[in-house]
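Those sequence lines, one after another, are chains A and B. Going by this note's numbering, the first residue of the first sequence is number 1, and it counts up by one from there. Going by this note's numbering, the first residue of the second sequence is number 1, and it counts up by one from there.
Possibly wrong hints are sitting among the right ones.
Result set (DSS-like, lysine-lysine): computed pairs, CA atoms no more than 30 Å apart in a straight line [as the list claims (entries may be wrong)]:
1. A:K151 to B:K107
2. A:K128 to B:K343
3. A:K72 to B:K107
4. B:K343 to A:K72
5. A:K130 to B:K212
6. A:K72 to B:K212
7. A:K13 to B:K343
8. A:K13 to B:K107
9. B:K343 to A:K52
10. A:K132 to B:K78
11. A:K132 to B:K31
12. A:K132 to B:K212
13. A:K13 to B:K212
Each pair of labels, with its calculated beta carbon distance range [unchecked claim]:
14. A:I213 to B:W342: 53 to 59 Å
15. B:T211 to A:A162: 31 to 37 Å
16. A:G136 to B:I191: 28 to 34 Å
17. B:K31 to A:A165: 48 to 54 Å
18. A:A163 to B:S347: 49 to 55 Å
19. A:F119 to B:L206: 38 to 44 Å
Don't read these hints as lab results, they were simulated from the structure. Cβ coordinates follow ideal geometry from the N, Cα and C atoms, glycine included.
One letter stands for each residue in the lines below.
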Amino acid sequence: MLRVENLNAGYGKLQVLHEVSLFFPERKISVVIGPNGSGKSTLLKTIFGLTKIYSGRIIFENNDITSLPPHKIASMGIAYLPQTNNVFENLTVEENLRMAGYNLSKEELEARVASSLEFFPQLKLYMKRKAKQLSGGERQMLAIAMSLIRKPRLMMFDEPTAALAPKIAHQVLRSIVKLRDELGITIILVEQNARAALEIADKASLLVSGRVIFDGLPKDLLENPELGRMYLGVTSSQV
Amino acid sequence: MIPPIVEDTIVYSSVLILLSLGLTLTYMTTKVPNFAHATISIVGSYVTLTVLVLSLISLAREALISQADSQSFYRLIKSFSFAPLHYALFMALGFLLGSLIGVAQYKLVLKPLSQRGANVVQLMIATIAVDMFLLSMLNIYADKLLEYVVSKANELSSIAGFKVNLGVQTRDFILYSYDYSKTLGMQRLVIIAPVMAAALLVALSLVLYRTKLGVALRASIENPSLASTLGVNVDKMYTLAWALSLGLAGLAGSLIPLKYLVNPSTGQLFVLSIFAASILGGLNSLAGAVIGGVLIACFEIPVFNYLSSHLGISSAYRTVIPLLAMALTLLFIPRGVARLNWKKLFSRVRR
Numbered sequence: 001m002l003r004v005e006n007l008n009a010g011y012g013k014l015q016v017l018h019e020v021s022l023f024f025p026e027r028k029i030s031v032v033i034g035p036n037g038s039g040k041s042t043l044l045k046t047i048f049g050l051t052k053i054y055s056g057r058i059i060f061e062n063n064d065i066t067s068l069p070p071h072k073i074a075s076m077g078i079a080y081l082p083q084t085n086n087v088f089e090n091l092t093v094e095e096n097l098r099m100a101g102y103n104l105s106k107e108e109l110e111a112r113v114a115s116s117l118e119f120f121p122q123l124k125l126y127m128k129r130k131a132k133q134l135s136g137g138e139r140q141m142l143a144i145a146m147s148l149i150r151k152p153r154l155m156m157f158d159e160p161t162a163a164l165a166p167k168i169a170h171q172v173l174r175s176i177v178k179l180r181d182e183l184g185i186t187i188i189l190v191e192q193n194a195r196a197a198l199e200i201a202d203k204a205s206l207l208v209s210g211r212v213i214f215d216g217l218p219k220d221l222l223e224n225p226e227l228g229r230m231y232l233g234v235t236s237s238q239v
Numbered sequence: 001m002i003p004p005i006v007e008d009t010i011v012y013s014s015v016l017i018l019l020s021l022g023l024t025l026t027y028m029t030t031k032v033p034n035f036a037h038a039t040i041s042i043v044g045s046y047v048t049l050t051v052l053v054l055s056l057i058s059l060a061r062e063a064l065i066s067q068a069d070s071q072s073f074y075r076l077i078k079s080f081s082f083a084p085l086h087y088a089l090f091m092a093l094g095f096l097l098g099s100l101i102g103v104a105q106y107k108l109v110l111k112p113l114s115q116r117g118a119n120v121v122q123l124m125i126a127t128i129a130v131d132m133f134l135l136s137m138l139n140i141y142a143d144k145l146l147e148y149v150v151s152k153a154n155e156l157s158s159i160a161g162f163k164v165n166l167g168v169q170t171r172d173f174i175l176y177s178y179d180y181s182k183t184l185g186m187q188r189l190v191i192i193a194p195v196m197a198a199a200l201l202v203a204l205s206l207v208l209y210r211t212k213l214g215v216a217l218r219a220s221i222e223n224p225s226l227a228s229t230l231g232v233n234v235d236k237m238y239t240l241a242w243a244l245s246l247g248l249a250g251l252a253g254s255l256i257p258l259k260y261l262v263n264p265s266t267g268q269l270f271v272l273s274i275f276a277a278s279i280l281g282g283l284n285s286l287a288g289a290v291i292g293g294v295l296i297a298c299f300e301i302p303v304f305n306y307l308s309s310h311l312g313i314s315s316a317y318r319t320v321i322p323l324l325a326m327a328l329t330l331l332f333i334p335r336g337v338a339r340l341n342w343k344k345l346f347s348r349v350r351r
């Protein structure tokens, strides 16, 4: 589905990712975890064309998308949900949903907004409300609903549960599982809450200081006593 | 009959609204105060002058073809006044030329500099450089236009057999007489300026709030990186914003010589008032720009007139008003009048 090869990237002269090579399989949830500043968010931003790539390649469904502008990458079926500012606060819920289908025809947009709202029916109650008036959980749902309108084949989430109450965070993660199971969307999930993320993951990668330390099954990562203790705050007995 | 001071306030506030709306929109997109904004509007003023020159030459030629004598020729030239088509032409051309300059300024100056990592101060200085460049271009154009008028007058003189003078100046010109309507007993501008300001305001609101393009523009202004992730070409949106903003400036500028004395550097007289209106409006609010435009016009004309007639303050101090408005706004209401919590303010006053 998506392959990253020997990627070196960063912001201006500050290199954050070093020789990162990863593969994200189709219709699976791949979780990227690591300590603060390890380059998890930068990896997603780089895939989406928002950082400077010094070398390496990004291949999506056999197309080289390295250094393409974000709007081109979005049009290829990739959605990226940033950790913050992932909705337009001064636009209403309805306007946000319409923005998500910016390049669609009117009829198609109506149909997709309707099907997206079926996934998050509670948003129907707030269509005329500005996004800044929604709660944190509702905003995340709006952000996911906006991405769904584009019918993405790959969705990248950057810490979608950050600053959410545990109950709401759980709901958001369940929604992500539903996206994989019901819509067959490939997911790349960057999460601080490593244990919760690994519970729903099919594949796990551990980034430390911009380098891949582990890439394999979540079970193997959790069972690795050294990595689990150093980077995840868990021990094998907790699995 | 409308009192002259009211006429003046209506026209001045309409022009300021159009100019401050544009300045606010460009500031909202690139976060750079565009110091060339007022000079770009004067390009519109020269469009109006050019339309007048071409119309007068064509009228003079027609008069001479029909073998008019010197007296009837000058009577005809002096009685010339703008027809609806002239207004439509110079406003449309002013808008178009302003838009083109706006797009060029964004694409050729600000965008490349931003991509090279220029900060706001550097970009602001770049807009001053654009202002100086345009000022030079306007000065050259004023000279060339005068040369053209003189050569055409000489050409017409040789056909007429008497000295033809079209009565056109390209510096320190005012086109008041061409706009005066004997039927209305006042300048048509007093109606045209507020109608245009209101119509453009409604049109801009409809575009921004009712069209897909407008929502995308608002989204791109609020969160450009998110807009681009949703497939919006943010660069295209910013180009559109600059085209619209400077188009409004060009259109407003095309109306300026109908009421005020214009020369290439007239923009520098307006720039303070435009910035004051935008800052008073909060710099990030289009509604604020409208309120700011009206307030500054009211302070600069009726309020200042009252002060000068009662306290004997010279009109040379009028520019203090926008400076004072800017300083007080930044000190006491930095987010502008549009973001004031009026409810809270009124309840405090009541207490």
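Hint-by-hint comparison with the structure:
1. A:K151 to B:K107: 33 Å, violated
2. A:K128 to B:K343: The given pair, whose Cα atoms are some 23 Å apart, holds under the 30 Å limit.
3. A:K72 to B:K107: Answer holds: K72 (chain A) to K107 (chain B) is near 20 Å, not above 30 Å.
4. B:K343 to A:K72: This hinted pair is violated, its Cα atoms lying about 46 Å apart.
5. A:K130 to B:K212: 17 Å, holds
6. A:K72 to B:K212: Cα-Cα ~19 Å, so holds.
7. A:K13 to B:K343: Answer violated: K13 (chain A) to K343 (chain B) is near 49 Å, above 30 Å.
8. A:K13 to B:K107: 25 Å, holds
9. B:K343 to A:K52: 48 Å, violated
10. A:K132 to B:K78: 61 Å, violated
11. A:K132 to B:K31: The given pair, whose Cα atoms are some 22 Å apart, holds under the 30 Å limit.
12. A:K132 to B:K212: Distance ~21 Å between K132 (chain A) and K212 (chain B) Cα, so the pair holds.
13. A:K13 to B:K212: Given pair K13 (chain A), K212 (chain B) is violated - Cα atoms ~38 Å apart, limit 30 Å.
14. A:I213 to B:W342: 53 to 59 Å: This hint holds: roughly 57 Å between Cβ atoms.
15. B:T211 to A:A162: 31 to 37 Å: 34 Å, holds
16. A:G136 to B:I191: 28 to 34 Å: 52 Å Cβ-Cβ, so the 28 to 34 Å window is violated.
17. B:K31 to A:A165: 48 to 54 Å: 35 Å, violated
18. A:A163 to B:S347: 49 to 55 Å: At 34 Å between Cβs, range violated.
19. A:F119 to B:L206: 38 to 44 Å: Given about 32 Å between the Cβ atoms, the range is violated.
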